[in-house]
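K.L.:
All residue numbers for the sequence shown refer to our numbering, where the first residue is 1 and numbers rise by one.
There could be a bad hint or two in this list.
[What the hints assert, rightly or not] Estimated spans, in silico, between C-beta atoms of each pair:
#: 1; residue 1: Glu-93; residue 2: Gln-416; range: 50 to 58 Å
#: 2; residue 1: Ala-235; residue 2: Glu-397; range: 52 to 60 Å
#: 3; residue 1: His-407; residue 2: Gly-383; range: 39 to 47 Å
Derived by calculation from the structure, the hints in this document are not laboratory data.
Glycine included, C-beta positions come from ideal geometry on N, C-alpha and C.
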Amino acid sequence: MSEKRIRGIAASPGIALGPVYRYEPSQIKVEVERGQDVATELARLEAALTAARQEIRLLAEEAGRAVGPKEAAIFSAHELFLQDPELLQQVQERIRHQQSAASAWQAAFQHYIQQLQTVQNEYLQARVLDLEDVAQRVLRHLTGQAEEGLQLSEPAIIVARELTPSAIVRCPREHVLAFCTAQGGPTSHVAILARALGVPAVVGLGDNLEVLRPGQVVIVDGEQGLVIAEPEAEALAHYHRQTQWLQRQANLAAETRQQPACTRDGRCYPVRANIQAPEEVADVRAFGAEGIGLLRTEFLFLDRQQAPGEEEQREIYRTLIEAVHPAPVVFRTFDIGGDKPAPYLSLPRESNPFLGVRGIRLGLKHLPLLRTQLRALLRAGAGHELRILFPMVSSYEEVEALRRLVHEVEEELRQQGQALAERVELGIMIEVPAAALLADALAEVVDFFSLGTNDLTQYVLAADRTNEGTASLADPFHPAILRLLQLTIEAAHRRQRRVEICGELASEPLALPLLLGLGIDELSMAPRAVPRCKQAIRRWTLSDAQRVAQQALHLRTAAEVRSYLHTCSPDESSSFEE
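Construct the complete structure from the given sequences, taking the supplied hints into account.
P.N.:
Structural data, given as C-alpha coordinates:
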(Lines of atoms letter the chains of each structure in order from A and count residues from 1; the text may use other names and numbers.)
(Lines give C-alpha, C1' and ligand atoms only; values in the text may rest on other atoms or scores of the structure.)
Protein backbone atom coordinates (compact mmCIF):
# COMPACT_ATOMS: atom_id res chain seq x y z
CA MET A 1 0.00 0.00 0.00
CA SER A 2 1.26 3.49 -0.84
CA GLU A 3 1.17 6.37 1.61
CA LYS A 4 -2.14 8.29 1.75
CA ARG A 5 -2.53 11.76 3.26
CA ILE A 6 -5.94 13.09 4.26
CA ARG A 7 -6.69 16.55 5.56
CA GLY A 8 -9.08 17.44 8.33
CA ILE A 9 -9.32 20.10 11.03
CA ALA A 10 -6.60 20.40 13.67
CA ALA A 11 -8.62 19.96 16.87
CA SER A 12 -6.02 19.11 19.52
CA PRO A 13 -2.24 19.48 19.16
CA GLY A 14 0.32 16.70 19.29
CA ILE A 15 1.65 13.85 17.17
CA ALA A 16 0.67 10.17 17.42
CA LEU A 17 1.72 7.01 15.59
CA GLY A 18 -0.10 3.72 15.98
CA PRO A 19 -2.70 1.25 14.74
CA VAL A 20 -6.27 2.19 13.89
CA TYR A 21 -9.11 1.10 16.16
CA ARG A 22 -12.47 1.59 14.45
CA TYR A 23 -15.20 2.47 16.91
CA GLU A 24 -18.62 1.78 15.46
CA PRO A 25 -21.16 1.37 18.26
CA SER A 26 -24.49 -0.08 17.26
CA GLN A 27 -27.59 2.06 17.56
CA ILE A 28 -30.51 0.64 19.51
CA LYS A 29 -33.69 0.69 17.48
CA VAL A 30 -37.01 -0.67 18.63
CA GLU A 31 -40.08 -1.45 16.60
CA VAL A 32 -43.35 0.31 17.23
CA GLU A 33 -44.91 -2.04 19.73
CA ARG A 34 -47.83 -2.25 22.08
CA GLY A 35 -46.96 -2.02 25.75
CA GLN A 36 -48.34 -3.60 28.84
CA ASP A 37 -50.75 -1.57 30.93
CA VAL A 38 -50.14 2.18 31.08
CA ALA A 39 -49.09 2.23 34.74
CA THR A 40 -46.44 -0.44 34.16
CA GLU A 41 -44.97 1.34 31.14
CA LEU A 42 -44.91 4.71 32.92
CA ALA A 43 -43.10 3.08 35.83
CA ARG A 44 -40.56 1.52 33.44
CA LEU A 45 -39.98 4.93 31.87
CA GLU A 46 -39.42 6.59 35.24
CA ALA A 47 -37.01 3.85 36.32
CA ALA A 48 -35.00 4.24 33.10
CA LEU A 49 -34.89 8.04 33.46
CA THR A 50 -33.71 7.72 37.06
CA ALA A 51 -30.97 5.26 36.09
CA ALA A 52 -29.89 7.49 33.20
CA ARG A 53 -29.67 10.53 35.47
CA GLN A 54 -27.49 8.60 37.92
CA GLU A 55 -25.17 7.54 35.09
CA ILE A 56 -24.90 11.08 33.77
CA ARG A 57 -24.01 12.40 37.22
CA LEU A 58 -21.31 9.76 37.55
CA LEU A 59 -20.01 10.72 34.11
CA ALA A 60 -19.92 14.36 35.18
CA GLU A 61 -17.88 13.40 38.24
CA GLU A 62 -15.50 11.31 36.11
CA ALA A 63 -15.15 14.15 33.62
CA GLY A 64 -14.52 16.64 36.42
CA ARG A 65 -11.65 14.51 37.72
CA ALA A 66 -10.24 13.77 34.26
CA VAL A 67 -10.60 17.05 32.41
CA GLY A 68 -11.96 19.70 34.80
CA PRO A 69 -15.26 21.39 35.67
CA LYS A 70 -15.58 23.37 32.44
CA GLU A 71 -15.64 20.26 30.27
CA ALA A 72 -17.72 18.31 32.79
CA ALA A 73 -20.49 20.90 32.29
CA ILE A 74 -21.30 19.10 29.02
CA PHE A 75 -23.09 16.47 31.08
CA SER A 76 -25.19 19.04 32.93
CA ALA A 77 -26.84 19.73 29.57
CA HIS A 78 -27.43 15.99 29.12
CA GLU A 79 -29.30 15.85 32.42
CA LEU A 80 -31.39 18.86 31.44
CA PHE A 81 -32.56 17.02 28.31
CA LEU A 82 -34.09 14.37 30.58
CA GLN A 83 -36.10 17.07 32.35
CA ASP A 84 -37.56 18.70 29.24
CA PRO A 85 -41.30 18.91 30.02
CA GLU A 86 -42.38 19.01 26.37
CA LEU A 87 -40.42 15.86 25.54
CA LEU A 88 -41.63 13.96 28.61
CA GLN A 89 -45.20 14.95 27.88
CA GLN A 90 -44.90 13.50 24.36
CA VAL A 91 -43.51 10.22 25.69
CA GLN A 92 -46.20 9.89 28.33
CA GLU A 93 -48.92 10.67 25.81
CA ARG A 94 -47.69 7.90 23.51
CA ILE A 95 -47.62 5.47 26.41
CA ARG A 96 -51.23 6.37 27.24
CA HIS A 97 -52.03 5.46 23.64
CA GLN A 98 -50.78 1.93 24.34
CA GLN A 99 -47.18 2.20 23.10
CA SER A 100 -44.43 0.53 25.10
CA ALA A 101 -42.10 2.84 27.04
CA ALA A 102 -39.16 2.03 24.72
CA SER A 103 -41.20 2.59 21.56
CA ALA A 104 -42.70 5.81 22.93
CA TRP A 105 -39.32 7.14 24.03
CA GLN A 106 -37.69 6.43 20.68
CA ALA A 107 -40.54 7.96 18.66
CA ALA A 108 -40.78 11.09 20.79
CA PHE A 109 -37.02 11.65 20.80
CA GLN A 110 -36.73 11.16 17.04
CA HIS A 111 -39.52 13.69 16.54
CA TYR A 112 -37.69 16.07 18.89
CA ILE A 113 -34.40 15.67 17.01
CA GLN A 114 -36.08 16.12 13.63
CA GLN A 115 -37.64 19.35 14.85
CA LEU A 116 -34.24 20.68 15.90
CA GLN A 117 -32.73 19.72 12.57
CA THR A 118 -35.34 21.75 10.69
CA VAL A 119 -35.20 24.84 12.92
CA GLN A 120 -32.93 27.58 11.57
CA ASN A 121 -30.89 27.57 14.75
CA GLU A 122 -27.36 26.35 14.22
CA TYR A 123 -26.56 26.07 17.92
CA LEU A 124 -29.49 23.71 18.54
CA GLN A 125 -28.76 21.71 15.41
CA ALA A 126 -25.20 21.17 16.63
CA ARG A 127 -26.51 19.64 19.84
CA VAL A 128 -28.17 16.74 18.02
CA LEU A 129 -25.27 14.43 18.88
CA ASP A 130 -25.81 15.16 22.58
CA LEU A 131 -29.50 14.40 22.21
CA GLU A 132 -28.81 11.10 20.49
CA ASP A 133 -26.36 10.17 23.25
CA VAL A 134 -29.04 10.80 25.87
CA ALA A 135 -31.71 8.97 23.86
CA GLN A 136 -29.53 5.87 23.50
CA ARG A 137 -28.71 5.89 27.21
CA VAL A 138 -32.37 5.72 28.19
CA LEU A 139 -33.11 3.13 25.51
CA ARG A 140 -30.38 0.88 26.91
CA HIS A 141 -32.13 0.86 30.27
CA LEU A 142 -35.53 0.28 28.70
CA THR A 143 -34.29 -2.63 26.57
CA GLY A 144 -31.78 -4.10 29.00
CA GLN A 145 -28.81 -3.72 26.63
CA ALA A 146 -25.36 -3.04 28.03
CA GLU A 147 -23.39 0.08 27.09
CA GLU A 148 -20.77 -0.43 24.38
CA GLY A 149 -17.52 1.17 25.43
CA LEU A 150 -14.15 1.41 23.75
CA GLN A 151 -12.60 -2.05 24.25
CA LEU A 152 -8.90 -1.30 24.01
CA SER A 153 -6.23 -3.71 25.24
CA GLU A 154 -3.27 -1.89 23.66
CA PRO A 155 -2.46 1.67 22.51
CA ALA A 156 -4.38 2.69 19.40
CA ILE A 157 -5.75 5.63 17.41
CA ILE A 158 -9.53 5.88 17.77
CA VAL A 159 -11.27 6.37 14.43
CA ALA A 160 -15.03 6.98 14.36
CA ARG A 161 -17.71 8.80 12.39
CA GLU A 162 -18.48 10.66 15.59
CA LEU A 163 -17.64 10.34 19.27
CA THR A 164 -20.05 11.20 22.05
CA PRO A 165 -18.79 12.90 25.21
CA SER A 166 -19.74 9.74 27.13
CA ALA A 167 -17.53 7.53 24.96
CA ILE A 168 -14.57 9.90 25.28
CA VAL A 169 -14.75 10.26 29.05
CA ARG A 170 -15.11 6.50 29.56
CA CYS A 171 -12.32 5.51 27.16
CA PRO A 172 -9.21 3.86 28.69
CA ARG A 173 -6.94 6.92 28.64
CA GLU A 174 -3.72 4.90 28.91
CA HIS A 175 -4.44 3.23 25.55
CA VAL A 176 -5.71 6.22 23.55
CA LEU A 177 -3.07 7.70 21.26
CA ALA A 178 -5.30 10.06 19.24
CA PHE A 179 -8.83 10.70 17.99
CA CYS A 180 -9.90 10.95 14.33
CA THR A 181 -13.51 11.68 13.41
CA ALA A 182 -15.48 12.30 10.23
CA GLN A 183 -17.55 15.03 11.85
CA GLY A 184 -16.76 17.88 14.22
CA GLY A 185 -15.00 21.21 14.27
CA PRO A 186 -12.41 22.95 16.47
CA THR A 187 -15.05 23.70 19.12
CA SER A 188 -16.96 20.40 18.99
CA HIS A 189 -17.09 18.21 22.09
CA VAL A 190 -14.46 15.82 20.79
CA ALA A 191 -12.06 18.74 20.22
CA ILE A 192 -12.74 20.27 23.63
CA LEU A 193 -12.33 17.00 25.49
CA ALA A 194 -9.28 15.90 23.48
CA ARG A 195 -7.48 19.15 24.31
CA ALA A 196 -8.40 18.79 27.97
CA LEU A 197 -7.06 15.22 28.00
CA GLY A 198 -3.92 16.20 26.10
CA VAL A 199 -4.72 13.78 23.26
CA PRO A 200 -3.98 14.74 19.62
CA ALA A 201 -7.10 14.95 17.47
CA VAL A 202 -8.04 15.60 13.85
CA VAL A 203 -11.74 16.07 13.10
CA GLY A 204 -13.87 16.90 10.08
CA LEU A 205 -12.28 14.19 7.92
CA GLY A 206 -15.61 13.43 6.21
CA ASP A 207 -15.79 10.48 3.84
CA ASN A 208 -11.98 10.30 3.75
CA LEU A 209 -12.28 8.52 7.07
CA GLU A 210 -13.07 5.32 5.13
CA VAL A 211 -9.43 5.19 4.01
CA LEU A 212 -8.44 4.27 7.59
CA ARG A 213 -8.84 0.53 8.14
CA PRO A 214 -8.68 -1.42 11.43
CA GLY A 215 -5.11 -2.27 12.40
CA GLN A 216 -3.59 0.02 9.78
CA VAL A 217 -0.63 2.09 11.02
CA VAL A 218 -1.25 5.83 10.75
CA ILE A 219 0.31 9.10 11.84
CA VAL A 220 -1.99 11.73 13.34
CA ASP A 221 -0.65 15.29 13.16
CA GLY A 222 -2.85 17.34 15.45
CA GLU A 223 -0.74 20.41 14.75
CA GLN A 224 -1.64 20.59 11.05
CA GLY A 225 -4.87 18.56 10.86
CA LEU A 226 -3.21 15.80 8.85
CA VAL A 227 -3.60 12.01 8.94
CA ILE A 228 -1.10 9.82 7.06
CA ALA A 229 -2.06 6.22 6.37
CA GLU A 230 0.67 3.65 5.63
CA PRO A 231 3.43 6.25 6.14
CA GLU A 232 6.61 5.77 4.16
CA ALA A 233 10.12 5.86 5.65
CA GLU A 234 10.62 9.56 5.01
CA ALA A 235 7.40 10.54 6.83
CA LEU A 236 8.21 8.20 9.72
CA ALA A 237 11.65 9.72 10.12
CA HIS A 238 10.30 13.28 9.95
CA TYR A 239 7.60 12.68 12.56
CA HIS A 240 10.00 10.77 14.80
CA ARG A 241 12.20 13.88 14.90
CA GLN A 242 9.17 16.13 15.39
CA THR A 243 7.85 14.03 18.26
CA GLN A 244 11.22 14.16 20.00
CA TRP A 245 11.37 17.92 19.49
CA LEU A 246 7.82 18.44 20.82
CA GLN A 247 8.66 16.36 23.89
CA ARG A 248 11.76 18.46 24.56
CA GLN A 249 9.69 21.63 24.22
CA ALA A 250 6.97 20.27 26.52
CA ASN A 251 9.56 19.36 29.16
CA LEU A 252 11.18 22.79 28.90
CA ALA A 253 7.79 24.53 29.07
CA ALA A 254 6.90 22.62 32.24
CA GLU A 255 10.24 23.41 33.85
CA THR A 256 10.07 27.13 33.06
CA ARG A 257 6.32 27.71 33.48
CA GLN A 258 6.79 30.08 36.42
CA GLN A 259 9.26 32.27 34.52
CA PRO A 260 8.19 35.34 32.49
CA ALA A 261 7.27 34.98 28.81
CA CYS A 262 9.83 37.20 27.08
CA THR A 263 10.88 37.25 23.45
CA ARG A 264 14.53 36.76 22.57
CA ASP A 265 14.89 40.54 22.13
CA GLY A 266 13.48 41.30 25.56
CA ARG A 267 9.76 42.11 25.14
CA CYS A 268 7.80 40.44 27.98
CA TYR A 269 4.11 39.55 27.93
CA PRO A 270 1.76 38.74 30.81
CA VAL A 271 0.16 35.35 30.21
CA ARG A 272 -2.96 34.87 32.31
CA ALA A 273 -5.65 32.22 32.75
CA ASN A 274 -9.28 31.97 31.65
CA ILE A 275 -11.40 30.29 34.31
CA GLN A 276 -15.10 29.85 34.92
CA ALA A 277 -15.29 28.30 38.39
CA PRO A 278 -13.54 28.99 41.74
CA GLU A 279 -12.16 25.44 41.90
CA GLU A 280 -9.99 26.22 38.86
CA VAL A 281 -8.00 28.86 40.79
CA ALA A 282 -5.46 26.28 41.95
CA ASP A 283 -4.52 25.70 38.31
CA VAL A 284 -3.73 29.39 37.79
CA ARG A 285 -0.56 29.32 39.88
CA ALA A 286 0.21 25.65 39.22
CA PHE A 287 0.58 26.25 35.47
CA GLY A 288 2.42 29.55 35.78
CA ALA A 289 -0.36 31.98 34.84
CA GLU A 290 0.12 35.57 35.99
CA GLY A 291 -3.35 36.12 37.33
CA ILE A 292 -6.78 35.66 35.77
CA GLY A 293 -7.28 37.35 32.42
CA LEU A 294 -10.91 36.26 32.12
CA LEU A 295 -13.23 35.16 34.90
CA ARG A 296 -16.52 34.06 33.39
CA THR A 297 -18.96 34.96 36.15
CA GLU A 298 -21.83 32.96 34.62
CA PHE A 299 -21.16 30.12 37.07
CA LEU A 300 -22.95 32.22 39.69
CA PHE A 301 -26.02 32.88 37.55
CA LEU A 302 -26.83 29.60 35.79
CA ASP A 303 -28.37 26.31 36.99
CA ARG A 304 -30.25 27.91 39.87
CA GLN A 305 -33.80 29.10 40.52
CA GLN A 306 -32.91 32.50 42.02
CA ALA A 307 -30.35 35.11 41.08
CA PRO A 308 -27.29 35.28 43.38
CA GLY A 309 -27.41 37.99 45.99
CA GLU A 310 -24.90 40.81 46.45
CA GLU A 311 -23.24 39.33 49.53
CA GLU A 312 -22.83 35.87 47.99
CA GLN A 313 -21.18 37.41 44.95
CA ARG A 314 -18.97 39.76 46.98
CA GLU A 315 -17.55 36.92 49.08
CA ILE A 316 -16.69 34.80 46.04
CA TYR A 317 -15.16 37.70 44.10
CA ARG A 318 -13.11 38.76 47.14
CA THR A 319 -11.80 35.22 47.61
CA LEU A 320 -10.69 35.09 43.98
CA ILE A 321 -8.94 38.47 44.19
CA GLU A 322 -7.03 37.44 47.29
CA ALA A 323 -6.16 34.02 45.86
CA VAL A 324 -4.08 35.49 43.01
CA HIS A 325 -2.95 38.80 44.57
CA PRO A 326 -0.83 40.71 43.59
CA ALA A 327 -1.67 39.45 40.09
CA PRO A 328 -4.92 40.88 38.65
CA VAL A 329 -8.34 39.36 38.03
CA VAL A 330 -10.41 40.49 35.04
CA PHE A 331 -14.08 40.01 35.96
CA ARG A 332 -16.34 39.67 32.95
CA THR A 333 -19.90 40.58 33.88
CA PHE A 334 -22.45 37.83 33.33
CA ASP A 335 -22.83 36.66 29.74
CA ILE A 336 -26.18 34.93 30.05
CA GLY A 337 -29.22 34.86 27.83
CA GLY A 338 -29.69 33.36 24.39
CA ASP A 339 -28.20 29.87 24.54
CA LYS A 340 -27.44 30.23 28.29
CA PRO A 341 -30.85 30.87 29.87
CA ALA A 342 -31.45 31.73 33.51
CA PRO A 343 -34.76 30.26 34.76
CA TYR A 344 -35.47 33.16 37.16
CA LEU A 345 -35.53 35.68 34.29
CA SER A 346 -38.26 33.93 32.24
CA LEU A 347 -36.49 34.77 29.02
CA PRO A 348 -38.31 33.96 25.77
CA ARG A 349 -36.82 31.28 23.51
CA GLU A 350 -34.93 32.90 20.65
CA SER A 351 -34.63 31.52 17.13
CA ASN A 352 -30.98 32.60 16.95
CA PRO A 353 -29.51 32.94 20.45
CA PHE A 354 -26.08 34.05 19.27
CA LEU A 355 -27.67 37.16 17.74
CA GLY A 356 -30.13 37.66 20.56
CA VAL A 357 -30.44 39.32 23.95
CA ARG A 358 -27.29 38.16 25.71
CA GLY A 359 -24.35 39.62 27.56
CA ILE A 360 -24.58 43.33 28.17
CA ARG A 361 -27.75 43.59 26.10
CA LEU A 362 -29.47 41.51 28.74
CA GLY A 363 -27.74 43.37 31.58
CA LEU A 364 -29.02 46.74 30.39
CA LYS A 365 -32.55 45.31 30.11
CA HIS A 366 -32.34 43.82 33.63
CA LEU A 367 -30.59 46.66 35.44
CA PRO A 368 -31.22 45.42 39.02
CA LEU A 369 -29.34 42.20 38.16
CA LEU A 370 -26.38 44.08 36.66
CA ARG A 371 -26.40 46.75 39.39
CA THR A 372 -26.19 44.05 42.07
CA GLN A 373 -23.20 42.45 40.35
CA LEU A 374 -21.43 45.80 40.03
CA ARG A 375 -22.03 46.57 43.71
CA ALA A 376 -20.59 43.18 44.65
CA LEU A 377 -17.54 43.67 42.41
CA LEU A 378 -16.77 47.20 43.63
CA ARG A 379 -17.04 46.11 47.26
CA ALA A 380 -14.98 42.96 46.66
CA GLY A 381 -12.20 45.07 45.18
CA ALA A 382 -11.73 47.22 48.31
CA GLY A 383 -8.03 47.89 48.75
CA HIS A 384 -7.20 46.52 45.30
CA GLU A 385 -7.25 47.52 41.66
CA LEU A 386 -10.40 46.17 39.97
CA ARG A 387 -10.79 45.24 36.31
CA ILE A 388 -14.35 44.88 34.96
CA LEU A 389 -14.97 43.56 31.46
CA PHE A 390 -18.29 43.92 29.62
CA PRO A 391 -19.30 41.31 26.99
CA MET A 392 -21.21 41.61 23.73
CA VAL A 393 -20.73 45.37 23.31
CA SER A 394 -21.70 46.64 19.87
CA SER A 395 -22.21 50.39 20.22
CA TYR A 396 -20.82 53.58 21.75
CA GLU A 397 -24.17 54.20 23.43
CA GLU A 398 -23.90 50.92 25.34
CA VAL A 399 -20.49 51.84 26.69
CA GLU A 400 -21.68 55.28 27.76
CA ALA A 401 -24.64 53.71 29.57
CA LEU A 402 -22.35 51.24 31.32
CA ARG A 403 -19.93 53.95 32.42
CA ARG A 404 -22.79 56.01 33.86
CA LEU A 405 -24.10 52.95 35.70
CA VAL A 406 -20.71 52.18 37.24
CA HIS A 407 -20.30 55.78 38.41
CA GLU A 408 -23.82 55.76 39.88
CA VAL A 409 -23.12 52.57 41.79
CA GLU A 410 -19.76 53.92 43.03
CA GLU A 411 -21.43 57.08 44.34
CA GLU A 412 -24.24 55.08 45.93
CA LEU A 413 -21.76 52.87 47.80
CA ARG A 414 -19.70 55.85 48.98
CA GLN A 415 -22.81 57.47 50.40
CA GLN A 416 -23.51 54.22 52.26
CA GLY A 417 -20.00 54.27 53.72
CA GLN A 418 -18.88 51.12 51.87
CA ALA A 419 -15.21 50.48 51.11
CA LEU A 420 -14.55 50.34 47.34
CA ALA A 421 -11.83 49.31 44.92
CA GLU A 422 -8.94 51.78 44.90
CA ARG A 423 -8.91 52.00 41.13
CA VAL A 424 -11.39 50.63 38.59
CA GLU A 425 -10.52 49.83 35.00
CA LEU A 426 -13.40 49.28 32.58
CA GLY A 427 -12.89 47.14 29.50
CA ILE A 428 -15.02 45.72 26.72
CA MET A 429 -14.94 42.50 24.76
CA ILE A 430 -14.23 42.98 21.09
CA GLU A 431 -16.28 40.07 19.79
CA VAL A 432 -18.84 41.82 17.58
CA PRO A 433 -17.63 43.24 14.24
CA ALA A 434 -19.26 46.60 15.02
CA ALA A 435 -17.06 46.98 18.11
CA ALA A 436 -13.92 46.25 16.09
CA LEU A 437 -14.89 48.77 13.42
CA LEU A 438 -15.67 51.38 16.11
CA ALA A 439 -12.48 50.65 18.04
CA ASP A 440 -11.11 54.18 17.58
CA ALA A 441 -14.20 55.74 19.17
CA LEU A 442 -14.61 53.09 21.88
CA ALA A 443 -10.96 53.40 22.92
CA GLU A 444 -11.75 56.95 24.06
CA VAL A 445 -14.14 55.75 26.76
CA VAL A 446 -12.66 52.46 28.07
CA ASP A 447 -9.36 51.45 29.64
CA PHE A 448 -8.71 48.23 27.76
CA PHE A 449 -9.98 45.86 25.08
CA SER A 450 -10.21 42.08 25.31
CA LEU A 451 -10.33 40.27 21.98
CA GLY A 452 -12.87 37.44 22.02
CA THR A 453 -11.75 35.74 18.83
CA ASN A 454 -14.15 32.79 19.17
CA ASP A 455 -17.29 34.89 18.75
CA LEU A 456 -15.62 37.48 16.54
CA THR A 457 -14.68 34.76 14.06
CA GLN A 458 -18.17 33.31 13.79
CA TYR A 459 -19.79 36.72 13.48
CA VAL A 460 -17.38 38.01 10.84
CA LEU A 461 -17.53 34.82 8.76
CA ALA A 462 -21.25 34.09 9.36
CA ALA A 463 -20.24 30.57 10.42
CA ASP A 464 -21.42 29.11 13.72
CA ARG A 465 -18.41 27.53 15.46
CA THR A 466 -20.68 25.00 17.22
CA ASN A 467 -22.29 23.77 14.00
CA GLU A 468 -20.67 20.65 12.58
CA GLY A 469 -21.54 21.80 9.06
CA THR A 470 -19.93 25.25 9.29
CA ALA A 471 -17.26 24.77 11.97
CA SER A 472 -14.52 24.34 9.36
CA LEU A 473 -15.40 27.78 7.93
CA ALA A 474 -15.03 29.48 11.31
CA ASP A 475 -11.26 29.75 11.02
CA PRO A 476 -9.61 32.52 13.10
CA PHE A 477 -6.65 32.53 10.65
CA HIS A 478 -8.94 33.95 7.95
CA PRO A 479 -7.36 37.15 6.57
CA ALA A 480 -10.54 39.10 7.38
CA ILE A 481 -10.11 38.26 11.07
CA LEU A 482 -6.44 39.20 11.04
CA ARG A 483 -7.22 42.57 9.45
CA LEU A 484 -9.89 43.30 12.06
CA LEU A 485 -7.43 42.43 14.82
CA GLN A 486 -4.90 44.80 13.28
CA LEU A 487 -7.48 47.58 13.03
CA THR A 488 -8.56 47.10 16.65
CA ILE A 489 -5.06 46.96 18.13
CA GLU A 490 -3.83 49.99 16.20
CA ALA A 491 -6.89 52.02 17.25
CA ALA A 492 -6.36 51.07 20.91
CA HIS A 493 -2.66 51.90 20.85
CA ARG A 494 -3.30 55.34 19.34
CA ARG A 495 -5.19 56.06 22.57
CA GLN A 496 -2.58 54.27 24.75
CA ARG A 497 -5.09 51.57 25.59
CA ARG A 498 -4.09 47.99 26.44
CA VAL A 499 -5.29 45.07 24.31
CA GLU A 500 -5.47 41.52 25.64
CA ILE A 501 -6.71 38.42 23.87
CA CYS A 502 -8.76 35.77 25.66
CA GLY A 503 -10.12 33.67 22.78
CA GLU A 504 -8.90 30.21 21.76
CA LEU A 505 -6.48 31.83 19.31
CA ALA A 506 -4.35 33.01 22.25
CA SER A 507 -3.41 29.42 23.13
CA GLU A 508 -2.54 28.42 19.56
CA PRO A 509 1.28 28.44 19.20
CA LEU A 510 0.95 28.80 15.44
CA ALA A 511 -0.86 32.12 15.97
CA LEU A 512 1.62 33.61 18.42
CA PRO A 513 3.86 35.42 15.89
CA LEU A 514 0.72 36.96 14.38
CA LEU A 515 -0.53 38.17 17.75
CA LEU A 516 2.86 39.46 18.89
CA GLY A 517 3.53 41.04 15.52
CA LEU A 518 0.13 42.76 15.44
CA GLY A 519 0.89 44.33 18.82
CA ILE A 520 -1.10 42.37 21.40
CA ASP A 521 -0.20 43.39 24.99
CA GLU A 522 -1.46 40.47 27.11
CA LEU A 523 -2.70 36.92 26.54
CA SER A 524 -5.16 34.79 28.49
CA MET A 525 -6.08 31.15 27.97
CA ALA A 526 -6.98 27.86 29.66
CA PRO A 527 -4.47 27.30 32.50
CA ARG A 528 -3.03 24.12 31.00
CA ALA A 529 -2.10 26.02 27.83
CA VAL A 530 0.00 28.62 29.66
CA PRO A 531 3.36 26.76 29.82
CA ARG A 532 3.29 25.92 26.11
CA CYS A 533 2.32 29.48 25.18
CA LYS A 534 5.10 30.98 27.28
CA GLN A 535 7.64 28.67 25.72
CA ALA A 536 6.42 29.56 22.22
CA ILE A 537 6.80 33.29 22.95
CA ARG A 538 10.40 32.72 24.06
CA ARG A 539 11.32 31.29 20.65
CA TRP A 540 10.56 34.55 18.81
CA THR A 541 11.99 38.03 18.54
CA LEU A 542 9.44 40.80 18.31
CA SER A 543 10.97 42.05 15.07
CA ASP A 544 10.65 38.60 13.47
CA ALA A 545 7.04 38.34 14.66
CA GLN A 546 6.23 41.74 13.16
CA ARG A 547 7.69 40.67 9.83
CA VAL A 548 5.62 37.47 9.86
CA ALA A 549 2.42 39.33 10.78
CA GLN A 550 2.84 41.85 7.98
CA GLN A 551 3.38 39.11 5.43
CA ALA A 552 0.36 37.14 6.67
CA LEU A 553 -1.89 40.19 6.33
CA HIS A 554 -1.32 40.11 2.55
CA LEU A 555 -2.35 36.48 2.10
CA ARG A 556 -5.74 35.60 0.60
CA THR A 557 -7.00 32.56 2.50
CA ALA A 558 -6.83 30.95 5.93
CA ALA A 559 -5.10 27.95 4.34
CA GLU A 560 -2.40 30.20 2.90
CA VAL A 561 -1.90 31.84 6.30
CA ARG A 562 -1.56 28.50 8.08
CA SER A 563 0.80 27.14 5.43
CA TYR A 564 2.95 30.26 5.61
CA LEU A 565 3.16 30.12 9.41
CA HIS A 566 4.26 26.49 9.33
CA THR A 567 7.11 27.36 6.99
CA CYS A 568 8.31 30.51 8.72
CA SER A 569 8.07 29.45 12.36
CA PRO A 570 11.60 29.28 13.82
CA ASP A 571 10.93 25.90 15.44
CA GLU A 572 8.87 24.21 12.72
CA SER A 573 11.35 24.97 9.96
CA SER A 574 14.65 24.17 11.57
CA SER A 575 14.60 23.00 15.14
CA PHE A 576 13.57 19.38 14.61
CA GLU A 577 17.13 18.58 13.70
CA GLU A 578 18.60 20.16 16.83
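K.L.:
With respect to the beta-carbon atoms only, verify the hint that His-407 and Gly-383 lie 39 to 47 Å apart.
P.N.:
Since His-407 and Gly-383 have Cβ atoms about 20 Å apart, the given range 39 to 47 Å is violated.
K.L.:
Hint says 52 to 60 Å; check whether the CB-CB distance for Ala-235 and Glu-397 agrees.
P.N.:
57 Å Cβ-Cβ, so the 52 to 60 Å window holds.
K.L.:
Hint says 50 to 58 Å; check whether the CB-CB distance for Glu-93 and Gln-416 agrees.
P.N.:
55 Å, holds
Violation of the numbered hints given earlier is confined to hint 3; every other hint is satisfied by the structure.
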